[in-house]
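There are 4 protein chains.
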Amino acid sequence: MTELAAVKAALKTQAVETPSWAYGNSGTRFKVFAQQGVPRTPQEKIEDAAKVHEFTGAAPTVALHIPWDRVDDYAALARHAEDHGVRLGTINSNTFQDDDYKLGSVCHPEASVRRKAVDHLLECVDVMDATGSRDLKLWFADGTNYPGQDDIRARQDRLAEALAEVYARLGDDQRMLLEYKFFEPAFYSTDVPDWGTAYAHCLKLGPKAQVVVDTGHHAPGTNIEFIVASLLREGKLGGFDFNSRFYADDDLMAGAADPFQLFRIMYEVVRGGGFTPEVAFMLDQCHNIEAKVPAIIRSVMNVQEATAKALLVDRDALAAAQAAGDVLAANGVLMDAYSTDVRPLLAEVRGELGLDPDPMASYRRSGWAEKIAGARVGGQQAGWGA
Amino acid sequence: MTELAAVKAALKTQAVETPSWAYGNSGTRFKVFAQQGVPRTPQEKIEDAAKVHEFTGAAPTVALHIPWDRVDDYAALARHAEDHGVRLGTINSNTFQDDDYKLGSVCHPEASVRRKAVDHLLECVDVMDATGSRDLKLWFADGTNYPGQDDIRARQDRLAEALAEVYARLGDDQRMLLEYKFFEPAFYSTDVPDWGTAYAHCLKLGPKAQVVVDTGHHAPGTNIEFIVASLLREGKLGGFDFNSRFYADDDLMAGAADPFQLFRIMYEVVRGGGFTPEVAFMLDQCHNIEAKVPAIIRSVMNVQEATAKALLVDRDALAAAQAAGDVLAANGVLMDAYSTDVRPLLAEVRGELGLDPDPMASYRRSGWAEKIAGARVGGQQAGWGA
Amino acid sequence: MTELAAVKAALKTQAVETPSWAYGNSGTRFKVFAQQGVPRTPQEKIEDAAKVHEFTGAAPTVALHIPWDRVDDYAALARHAEDHGVRLGTINSNTFQDDDYKLGSVCHPEASVRRKAVDHLLECVDVMDATGSRDLKLWFADGTNYPGQDDIRARQDRLAEALAEVYARLGDDQRMLLEYKFFEPAFYSTDVPDWGTAYAHCLKLGPKAQVVVDTGHHAPGTNIEFIVASLLREGKLGGFDFNSRFYADDDLMAGAADPFQLFRIMYEVVRGGGFTPEVAFMLDQCHNIEAKVPAIIRSVMNVQEATAKALLVDRDALAAAQAAGDVLAANGVLMDAYSTDVRPLLAEVRGELGLDPDPMASYRRSGWAEKIAGARVGGQQAGWGA
Amino acid sequence: MTELAAVKAALKTQAVETPSWAYGNSGTRFKVFAQQGVPRTPQEKIEDAAKVHEFTGAAPTVALHIPWDRVDDYAALARHAEDHGVRLGTINSNTFQDDDYKLGSVCHPEASVRRKAVDHLLECVDVMDATGSRDLKLWFADGTNYPGQDDIRARQDRLAEALAEVYARLGDDQRMLLEYKFFEPAFYSTDVPDWGTAYAHCLKLGPKAQVVVDTGHHAPGTNIEFIVASLLREGKLGGFDFNSRFYADDDLMAGAADPFQLFRIMYEVVRGGGFTPEVAFMLDQCHNIEAKVPAIIRSVMNVQEATAKALLVDRDALAAAQAAGDVLAANGVLMDAYSTDVRPLLAEVRGELGLDPDPMASYRRSGWAEKIAGARVGGQQAGWGA
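So the sequence lines, in the order shown, correspond to chains Z, P, E and D.
Per UniProt numbering, residue 1 is the first one in the first sequence, and the count goes up by one each step.
Per UniProt numbering, residue 1 is the first one in the second sequence, and the count goes up by one each step.
Per UniProt numbering, residue 1 is the first one in the third sequence, and the count goes up by one each step.
Per UniProt numbering, residue 1 is the first one in the fourth sequence, and the count goes up by one each step.
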């Protein structure tokens, strides 16, 4: 197989999971702008997700968020997904929207609130059993807003205890992905603020606990690809929540704010052996002002373009320049791949997969946007508010 | 008058305006945690604000937010305030919560939306006429989320046009305070992102247009006191929105995150001749998890403490050390004032004003929290969502 | 002329000034790593600059730094430049390396130090008269390290006075470019920290005073293209110091850290009518670990690539999508241009100019690096230390 | 013992190590401003350090930096220290100032350079044997400036290998303190950029490897006290390099930029059981423009004040408020301690130790500054340049 053939083969296997909640309404603390045609049920979210897969061929699974996607019959929901050509993916927990969680969930000073939170996490594993999901993604909004508000260290003890209980409940083929976040919604201390904290907890828990990197959850200036390389080296990278940001956790479309950074991240994934099913590629975004389905299509395409460029890096030439200490040549090899316009290559890949080479245009032509705008009237549009 | 007497006299004149919306519920995009006893009407907000003034003696006015505080009879609302011992203050506009404003208000690409936004601003001046308010505070959520989304420069032209129309409508004793903000809710470009932009617009508008500094609206690391000193030097500092932050626009209690910074800001205010009614001291905060009325009392006290320390700086000694180029001595003079525990001094000031020396304790003893929790049941608690 | 022909015509006119000091040694506070073949005289720096122009065709002028490039006979230096195919450009002042400047230069508390600094600036205008340079670029290291160290506002007064004296000395065709910088070498306050400060001073001085944007001199997260658009709108953008950064003022090669940002900046330049000789494109970089001449060639090429992409933006399509409020389409138009591989286009442009299409390779083949490494032995290599 | 007596007893035991290099000249990449009376030898640095201890009673040890403090006879140097009333402390390595280290030291692509760097580290352990020092402090300037320049992951492998060799050489009572730093002098990737990386390496090395927290080495907005609490919880906090910053690694006097942060850090130290000899308190600062000896005295005092306030926190009241979920009360307990003016308490402590209650004034009166300015003439002033 030629090198280009290998690149194309790799691209054909790429799968980016899309999140059910990104199809629903979202916004900032100032305003949620409702959009036409937004799903009202988990089923409708899955139908939208299926459209993303239909046009990209690269989004075969949908992540669920409990309780936003709570249904009576998960097996039926799984069948609904399969009927539409996709599968259910990662289960995301929610311990931040109940009134009890004002001061935290698994780190809350009161044992009863912690119990409630852990019970919810255990329920999520039950859902995983029903859906056949492999991964439980844990993001905790826990933290404090004011110095002194709570004991930073005691909260770590509580966190460790909760994680251990959930870890013990995992099945043999199930994993726990622990997400870290720099800040928000807590404004002074966050209980899992950085990769070091997530890593330290996962290390103690065991091999089924892995760190998930949300590309929007870092301090300004953080070199994310360094973290990716380090976690892969430690065997502790469980996956990504892709999105992009200019300032804080802006949750913009992946690749929209800093496409060069996304390329560098994907390069470390490829170089570190992370382009495997063990590293889950997921989106976690908010399409506050742009149309949701095409924004997600675009995001998947952005991830594909960054991946294509990463795969095109001439690694032999790079290694040679690095070994020679030739700074400009080594940087040049990387930039050659980045400067390449990979859209024709991806169009070709799509064609070979029997897809339209231009997912955005074909989605537009499909009439789906108009159809759902007309059909999804009445009921309660999905959103973050349960 | 001795120096200490002068400091006390100055402290007795200090007035910090509290914002009506800080008494209502607030939160993050993830969750608004409702609190007991939260006001349901502008009148109830004013009653809470009156309590803050009752216990601090330093919060004689309340800022209104239109439309959140829209009433049929503003004169009656003003009388309600006076009956409770306070007055109505600054009028704050809102051009970010209507569905039409998804892509902006006064900077929106469509003329009809801009018209609607400007009409709202003009309505706010009408309200000012009715309430006798001096200041119109303008904060625009306008901006874009994605590169290319709109034309950055054309948006400035639209902004200038809107401001000019509103400026022309101001009465002789009315002012326009233009607020800037680094980011949020827009995540790529913000139409008034920094003091330079606000200053340039105000300069063209004329003397009734002034810049307002929200202490939470800057890029990481920004030296805010430099901006304060510069605006005072230019005669363009109209006031402050005080709050504090560790990360972004966290809207924590003033002085809670970096009390040394608040002191340095107040020092520049004092040094630059800004401790006058021409510079409005206002709070703009969100008490997402802490009790609201005492949080605002505490914030007023924090501003008072920073002011007291700023007034205590030995400016002769400071000037001498600065002129001598004695870095350590000059820094030492400033730190001497900052290291001083001014709580006894402020307790004394309060005693001389006939107030309890400990506003937090006296508020707690007053039973107000219990009273409103019991009384304000039913109805719609106030919050950001209109 | 077809659109592509217009793009090529524009690219052929692009001129990027290179700084004499970038050919000399530089480093961090920890270490300056000397390189072989580094120039020892202003003449040798000019010879290196001439090589950059020889291979790129886009670097026809060299900026001088006084006193680093002080010579007895500037007319002779100008002839030396012309003999090598380039011209002398902007004159850069230096008021930060004399022992007297420990606490500042034009903002220093002592009048005698300020006098010395202003005299140096006036000397720089003398140099401009001799070299025929149009622009005086002013960057001040002035600031303070500790709160209280000096009076922030008094320093502004001193700055204004100094600038006014220098401004008065400018000839009819001469300009003053005032540079701002967020921090470094001052660590608490900087006397020209942001574009607002530079703008306010330039506005008072008059039309010959213009702001220069160094792309590395902003707070984290700053939207630089917004500043560019604003300054162009105000008629106050005098030029750029290009370089790139991941953290602070890293002074890396332009376009190396965030090529998408450089593209967005160049788009605002093009859109705002700034692609004219009135807006000076300059590099200001430090090649601490990479070979200097090829690093500068590469930087010029990076600016060219960003410019080419900016020129390729379909502005009609962009305006239509913006007017329609179609966020994804408008962003898509911009990204289409950015995703384009413009290297073939630039190779074509170079060919039409009689240049080798690959400046890096042709420089390597030229043997210049080996030649100067062999020839420039002995003497004092140029660097920042005078 | 009353609580206040316990606080005073604790304060009397506090020891802050001062760094030999802080007594020498330092600066930025733009300029090193030489000061009068700066030491020319390790012996003279120790004499200055002894003065800091003489006036504060809290700086009994001096850290050495190899090769800056390389001498033939370390035992003699230790005696010199003891003769002046202090002891030699931590040994700091230097793998950043040799020309060979342009592309790194222990992470360099070439094995020969790595060998040289490791040999230097082993030499430092030899020095420790001779001086009786317990701690080897490792800070690596290693990193890259450009994407692609070197392989991020391979550099981690090289780092691990080097650390393992040095760890194996440590004596039973010796420790290795691994320092992390966000950026500088490397501007794209740094090989030990954050606590997570340092922690992961130390964990694998074993109990004699501990993390050292330099308070200036974090991304903007990082909650340092969280890291302190976490490392103490993990048993992996080896010590501090105290200094303060507004922007990057400004190396200002500890407590000068954000005294509230220093207090919060010291509170976590106290709360986490870190106020023991196992956690080394060290300064690492640059006094670029202020007089060095008094700046270090001041820094020691600032650490003492933060510690005193931390010790004064009413931990029972705090725990009660935290358990009750009373955000304002809990924050209030912490702020009560912070608002306290502890200067009188520390003056008392000094008096009881037989010291002048005002170290700054007594140092000024001592005439030391004048004495060394007169005596230390000729020779080579100490500085970072070897």
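Quick caveat, the hints were computed from the structure, so don't treat them as lab data.
Since this is a predicted model, take the numbers as computed values, not measurements.
Ideal Cβ placement from N, Cα and C applies to all residues, glycine included.
Accuracy of the hints is not assured; some may be wrong.
Only pairs whose alpha carbons sit at most 25 Å apart, straight line, appear in this in silico DMTMM-like list of lysine to aspartate or glutamate [claimed, not checked]:
id, chain 1, residue 1, chain 2, residue 2
1, D, Lys-371, E, Asp-100
2, P, Lys-371, Z, Asp-99
3, Z, Lys-31, P, Asp-100
4, P, Lys-31, Z, Asp-100
5, Z, Lys-102, D, Asp-316
6, E, Lys-208, E, Asp-119
Covered stretches of chain D (chain P as the covering partner; in silico rule of three or more C-beta atoms under 8 Å from a C-beta of chain P) [said to hold, decoys possible]:
id, stretch
7, 135–149
8, 309–315
9, 322–331
10, 336–346
Checked hints:
Among the hinted pairs, Lys-371(D) with Asp-100(E) is consistent with the structure: their alpha-carbon atoms are about 23 Å apart, no more than 25 Å. With a C-alpha separation of about 22 Å, the suggested pair Lys-371(P) and Asp-99(Z) falls inside the 25 Å cut-off, and the hint holds. Distance hint between Lys-31(Z) and Asp-100(P) is fulfilled; the C-alpha atoms sit about 11 Å from each other, no more than 25 Å. This hinted pair checks out: Lys-31(P) and Asp-100(Z) have alpha carbons roughly 11 Å apart, not beyond 25 Å.
With a C-alpha separation of about 23 Å, the suggested pair Lys-102(Z) and Asp-316(D) falls inside the 25 Å cut-off, and the hint holds. At roughly 19 Å between alpha-carbon atoms, Lys-208(E) and Asp-119(E) fall within 25 Å of each other, so this suggested pair holds. A stretch counts as covered by a chain when three or more of its residues have a beta carbon under 8 Å from one of that chain; for the stretch 135–149 of chain D and chain P the count is 0, and the coverage is violated. Here the stretch 309–315 of chain D counts 0 residues with a CB under 8 Å from a CB of chain P, which misses the bar of 3, and the coverage is violated.
A count of 3 residues in the stretch 322–331 of chain D with a Cβ less than 8 Å from any Cβ of chain P is obtained; the coverage claim is therefore met, three being the minimum. Judged by the Cβ-Cβ criterion of 8 Å, the stretch 336–346 of chain D is covered by chain P as claimed, because 5 of its residues qualify and three suffice.
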